[in-house]
Structures are given as structure tokens and as C-alpha cells.
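Asks: Go ahead and model the full structure; you've got the sequences and the hints to work with.
Number of protein chains: 2
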Amino acid sequence: MDQVETLRAAVGATQVLTGADAQAYETDWRGRYSGRSLAVVRPGSTEEVAAVVRRCAQAGVPIVPQGGNTGLCGGATPDDSGCAVILSLQRMNRIRGIDTDNDTMEVEAGCVLQAVQQAARDAGRLFPLSLAAEGSCTIGGNLATNAGGTQVLRYGNMRELTLGLEVVTAQGAIWHGLRGLRKDNTGYDLRDLFIGSEGTLGVITAATLKLYPLPAARCTALIAVESIEAAVAVLNRARSGLGASLTGFELMAGDCLQLVTKCFPRQRLPFEGPSAAMPWYVLMEVSDSESEAHARERFEVVVGEAIEAGLAQDAVIAGSLAQSHALWHLRESIPMAEKETGKSIKHDVSVPVSRMAEFVRGTNAALQAAFPGVRHVIFGHLGDGNLHYNVARGEGWTEAQLLARQDDVYALVHDRVHELGGSISAEHGIGQLKRDVLPRYKDPVEMALMHKIKAVLDPEGIMNPGKVLDLVSGRMVSIAATEKRATT
Amino acid sequence: MDQVETLRAAVGATQVLTGADAQAYETDWRGRYSGRSLAVVRPGSTEEVAAVVRRCAQAGVPIVPQGGNTGLCGGATPDDSGCAVILSLQRMNRIRGIDTDNDTMEVEAGCVLQAVQQAARDAGRLFPLSLAAEGSCTIGGNLATNAGGTQVLRYGNMRELTLGLEVVTAQGAIWHGLRGLRKDNTGYDLRDLFIGSEGTLGVITAATLKLYPLPAARCTALIAVESIEAAVAVLNRARSGLGASLTGFELMAGDCLQLVTKCFPRQRLPFEGPSAAMPWYVLMEVSDSESEAHARERFEVVVGEAIEAGLAQDAVIAGSLAQSHALWHLRESIPMAEKETGKSIKHDVSVPVSRMAEFVRGTNAALQAAFPGVRHVIFGHLGDGNLHYNVARGEGWTEAQLLARQDDVYALVHDRVHELGGSISAEHGIGQLKRDVLPRYKDPVEMALMHKIKAVLDPEGIMNPGKVLDLVSGRMVSIAATEKRATT
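One line per chain: the protein sequences are A and B, in this order.
For the first sequence, the residue numbers in this note's numbering are -1 to 486.
For the second sequence, the residue numbers in this note's numbering are -1 to 486.
Hints in this document: simulated from the structure, not taken from any laboratory.
Do not take every clue at face value.
Unchecked claim - Which stretches of chain B does chain A cover? Using the computed rule of at least three CB atoms under 8 Å from a CB of chain A, they are:
1. 40 to 53
2. 265 to 272
Claimed, not checked - A few chain A residues that don't get close to chain B, going by computed Cβ distances all over 12 Å:
3. D78
4. A131
5. F262
6. A275
Because the structure is a prediction, the values reported are computed rather than measured.
All C-beta atoms, glycine included, are put in the ideal place defined by N, C-alpha and C.
Replies: Set out below in C-alpha cells:
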């Protein structure tokens, strides 16, 4: 109880939760990862975060930073030991300022993504990060996992949207790195080291984010194509014909959309006849700085040329905002429809765009050979080379049978991704979920560099232990820490 | 001689230069930094680089990586001791491959930037990095310094143009990180740690770079404005009206352009009357994915609105490629014209765009108070908040008198930059030039993190010693290395 008292002294008694009050923080939102904590601490300022970290560091208490708790890899959930403090950033939710002349905003880590988008919009600007959990995920979590989403093609990941950071180190010192500069070449890039490190190197408490002009108009089209090769060829034409106006290029397998219209009969595919039964569809979005009319005109040129060249079989360009929403809604309903049919085995992978067709064809065939009858649920951000390649039970499989083979399916898909120069986690991170398979795919020199950085920035190993780096690393860190103690 | 023999064994006798043969590598291209080397080694492959580094590491020989030797901060020049090996990457100049479907290219560190631009163009793509030294600087140097240039507003710095790296660590291991992925969230961002580290953490031997569609048309305008505030307001309108088509927004003081036309009489300002004598000019460039006509039309809308709103006083839109080149040539001739009038004290600084006017006004006034009569030579990339703010001798100053006060001028300007949340090196890096002043402006927590990373990735301190981190760090590293040797 001593340690908990110490934390109460740091942040105030009412902001330290234990027992039943802590439970909501000990399980992720999907209920996939669960653990126990010594306490949940909810600091209200950067100084309080630093005070908490210092006390934990002194006592050797592990810290699990947590934002909206919406991550998909268990990165914000403690282990079962009950030793760790969950450091919730939720109370640090101030938008500290917006500078429209500099096109930047300074926000605290606990700000919900949607609130940040809205504040930018209220100032006449766009903060482009957009993803399914935006109503509850926080900027701190977006930074910790280098979040992606649907606008990466044009605006990049969270990393590319961030200019500066404020970070509490594993020793409880505050790094004041909130720079609103687009050019700053004064030493090592610590910003990008903390972004994507999933809370294992320090605690991000605030960030300076980039803003963009609000587009004058957005236009969406659904395009029917016969193959992934054709989709890639359309992408190429769209990139060159639309330039940076091209903000979305999503690929969806035909059977994904059929599943959506079957599960949610109020949604329908805007095609008739053969066009309604194509193997692949592309959802393309353009954000125009000029006008609705111009967006539509450019779209018609690009789509028209693709149809003439035989690359696209059919296309529907949304004639209104409502139609545009309906098209996006089709895309966004795929995970929900998939859920209706039972649990599936999910992969968040990327390969070079040029190898996407080869990846899907080869992996589909290998899966059918190894697990005959399983269904493929394939959709994703083709423009970024990022596919959500999921495997669902098909004819002759029960859910239990499928899930019993989960690790074998993972291994088959991830091995294939690796062969093609891809990534086993395109946008969700490593967390607990992929920690143990990471060394299988990562260059050993790269793994060793990661361990070195972890060991020097967090020598006591208190920052989100067991995430990203495997158990061997945990031991390495503690050996290093022990050695350090012995020699100093 | 033993060490030199060892290097000859690693790369072949003809690729190890000593004595007079080495001299060209021991001085930077401007002749500002000069040193002595044990030898110049010119490996032809990544494996040879690794072999050289391993041998140096074993013998404790410092390594100075070098590309085109065009850096402005002495980052590629050895010290006077004659102990260091200059590791020239010039022979590693292969373009390993171009993947147009993935919009990436794989190039070796010794490729000259212009050759990379050309290879991309030959494949129908744009590699957008563009800067004055592009005919001789190398990709490795661009990566080591996170080079900027004239297209950052749209495409970002070298960092944003790079997807993957191949690096030889300070221990001589090869990290195979040449990924062509736009999304990859599998652990710490080592790529961005090496980019911008100026050869102090390892040797970058190759990179996977992003390519873009070639614009259909480029259009340039020169705009006369009364103040920096007005220029910032025009920038805001251009960003919102042109979106990502806006690829250049350069600010130039009127007297800079007057100096150009005076020094180079064949160049002329395309204005008459009062518009030819304005205090500030903006060079604006748009890269259009549609057509020449569309680029011009959009330009006319934005510039017309700026004039109507009283923000711009006059404007000339280039009617041909030749006129466009002439406008850029005015901008690019400023440093040459400046040189004609004698040596000046140069600053490569950035501040938030919103504080640019305040920075220039306040710094000009403070300089006049401290050094009455000096001239300001002010131009730069306003769109990125990056100014080349130079100080030249004016009435009543000799060159010698001015240069004698160089450190005082630096301190005044950099202190002011720092007060306004800016950077003392926007795009050129730290090298030797700004190493000793860095700790004055950098958050001590950030400095400590940098030292830790240096110490753990290069514990023997052999990678480009004396660059970026100050002498205290050199000692810290060597103490750490000594301690390590003593305990193992």
C-alpha cells in the first residue's frame, strides 16, 4: 500500500483507482486482453505524469501508459501480475492552442482524435488522421502506435502529421520538444523514436500536429475491376492524373461487399448485372482544393480513361454527399459484416503495391492447400500497400476448429508477407499480440539495435514491459540494469 | 602502416588513398574545413563498407563518412589529428532498381542527387528533392543531413522521402532495412534515427526512396508584397486555394533582388515603377497534375484575389518555361550576388511561419543596435518557416571587422531564433560548425537522450567523432568505452 500512497501524493487521492474502480482500465475495449494492476493513476498535467514516473522508477514499479484503450494488439493492457501501474492520460485532454498562420496545433495526449479533428475544423483547418476508433481513441495512443487509417495515401501516418512532442522519460524527466517547425536539423530525431514505440521508451504527454487546408470538395467513386493488377493500374493512372488530390484508394473483394449487403439489407451495391458480381472493387476518393464541379470533372477523366483502357469494368461516381457517405459506409461495414459471420483470423499486413496481386494469389492458394474450405475476407488500403487479409471459417469448418489453427494460419500468412518484403504489422503495432513472432521476421541486427535503445532509455525496464520486445529482451534489460546497479 | 595495410586487404590496394592522393577528400568543397586523415578508403559494396568498419572498430580508428563533400557545416571533414579514416561512399553509386508500380527506387549512398532525379524522370517519375548542390551532393549526404531544399513545402525533407535504409552499424554489422513500405509499424523507427545523424551513429549505404508522378505542368509567379505579414497572408490563401499543388513559396527581400540585378546585369526584375522597389517579393510555384492552362488559371485566381484583398501589390506570372527559369534564376542567384560583395555571416534558421515577421523585425533592430550599419541579406523558404538570414558588412565596416564579430552576431541571431521557438539549423545540420553552441539551445533532457543513444550505438566513439555532439560528449563516450573495456 506504500506505493499506492506515494502515487496518491503525486496526483491526488481521487485520481488513483484500485480494485473494482480499476477494472475498466484493465481490459481492452474488445475484451481480448485482460490483466491486473496495482492501481490506475490519472494525472492531470505533464508535471504530475513526471512525478508518477519518478516514483515508479524509484520503486521499480512497471508503468503501462493508456489512452483510449482501443488498440488492437494489447499494447495498453497490463499483465496478470498486478504489479504495474496503469498510467491513464485521459485527463490530459486540453487543446493547448491552434496557430493557423503556422498550420499547427498543440494538443495533449489524452485528447480524443475526433475532438482534435473538430477543433481543427472549427479553426478552418483539416487534421487529416481518420480511423474507425476516432470517437474514442486518443492522440497519445495514435502517436504510440503511429496510427494509419484512410487518409495515409495523401497525408501519411501519424508520424508524418507530427512536428513536435512533449515526453516524460523513463526517469521522469520532461523533454520539452513541442516544436512547430517543418525544418529542424539539430541532432538526432528523438521525435520519431518515441512515435510508434508503444509506450516502451517513455510517456508522450503532448504533441504539435500539422494542419492542412480544408478541401473545397470531396468526391468518391466505386469502381469495378477484374483483378488486383487492374486495380494497381487504375491506382497508377489516378496518382498521375489526380496528383495529391487523390486521398483514398481502398480495395475490397467482391465477396466482402456481397457479405455487407447480405448482412445489412439496407445497404446496396450501386451496380446491376455483371458489374454487381465483380471479383474486386475500388473505392476512390479525391479531395479537391477548387470545387465540387472540378473534382467531378477530374474524376470523370481518370475513370473514363481507365474504362476505355479496359482496366475498369464499370464505375459509379457519387452525385451527392449522401451517396458518397453510402459508398464509404459499404467499405466501413466490412468488419461489422465479417463479425456477424463469426470470429475470423485477422492480419494487418503490408507489401509493396507492385507485389499485392502476387501476395493475394499465392497466399489464397497456399491457405486453400493447407486449410481447405476457409474463406478469405480481403480489403484494405491498396494505395498504401496495406491489406486487412482475414481468414474466416468456410464450408466444413466450425469457429472452434478455425481458431484452433490460428497460429498456423498466422505463420502461413506472415511467412508469405515476409517473403515478399512486407510487414506483419502495417498499422496496428506489435503490442503483446505479435511480440513473440517479431524476431522471426525482423533482421537480427535491427532487433539488436532495438534492444540497445530500450536498454539505454529504460534501463530499469519499467516502461510498458512485455510490449513490442520479447521476454528475452525483458531479461536482457534486467540483467543490464542489475549490472548497472552493481557497478555504480 | 599496419592499419592501412588492413584497410587495403578489405577493399583492395587501389581504393586506399594516402598522402597527396588523400588531400582532395580532407577539405570541404568551399575550403572552410580542413583536416588530415590516416587514409581515404573507397569501398565498392556494402560488404566492403562493413569490412572496413569492423577493422576500424577493432583498431579503435575513427571513421569520417563522406559523400559529395558539399556539406556546409564541416560534417564530412576529419580533424587535424590524422588518426581518422575517411570512408568515401562515392564508388557505391548504383541505382539498384526502380519499381514504378510501388513508386519507389533503391539507390546506393554514393549516387549523385541529380543522377537519381534523372533516373526517376527516365522512368516517368519525380524524385522531388532539389537543392543547389544537386550536381555533386550524394544521396548518402542528403540522408545524413536530412537535406531540405526548394520542394519541402509539398514533398517534405529527405526524411519524408525515404522508406527504407541499409546501414552498417558502428560494429560493422549490416542492417538490411531496405523496405519499400508506406506502412510498417513493427518496432522502433531506426530509419529516422540514422537519417539526420550526420554519420555519427553508423554508415548509410543505400536507401529506398519514394517517387511521385511527374507534374503535367509547372507555373511560377513573382509577387511583390509590402511586408512579411502580407507574404504570410498570401501563403495562407495559396495553401487553401492550390492545396498540394503549391510546391514552392520563397521569400526574398527587395534589396536581395536589387543586388542580383546589379551584380548580374543580364538578369532583370520583371517589374517597373514602384513594383520594382518593393521591400519583399515572393516566388511562388505550382505543380499541376492537369495542364499548363489549368495551372495558370488557378494561379490567376489565387494571385488575383491576393491583389484584390490588398495583400499583394503586383505580380508577374511566367508565360513560358524560359520565363519561369528566369524567375527561379533570380532567386538562386542571391547567394552568388551576396558572395560578390564579400564574405557574410550566414544563418540557416527556422521559426514558426506565424512568427517570421516578428523574427525579422526584431532581429534587424537588435542587430542595428549592436552592430550599426551592417546589411541584412534575407531570403528563404517562407512556406517551411526557413530563412537564410545573413549579415553582410555595410557602411563603415570592413570584411575583417565584420568577421571578427562573427560569434557575437551568431549569438544574437540564434538567441532570437530560440526565443521564438525556432531552430538554429533548419536544413544544413550541426557538423562541426554548430556543435559547440547546440547545448546552449537544446533542452538538456534532449541533449542527454542524444548522448545516451550515441553511447549505446557507438560505444567506442569511432563514428564521425566531434560532429553533432560536443567535446564533453566525446569525453563521455570515451569514458563509457573505457569503463566497458575495464569491466569486460
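Asks: Provide an ascending list of the numbers of those earlier hints which the structure does not satisfy.
Replies: 1, 2
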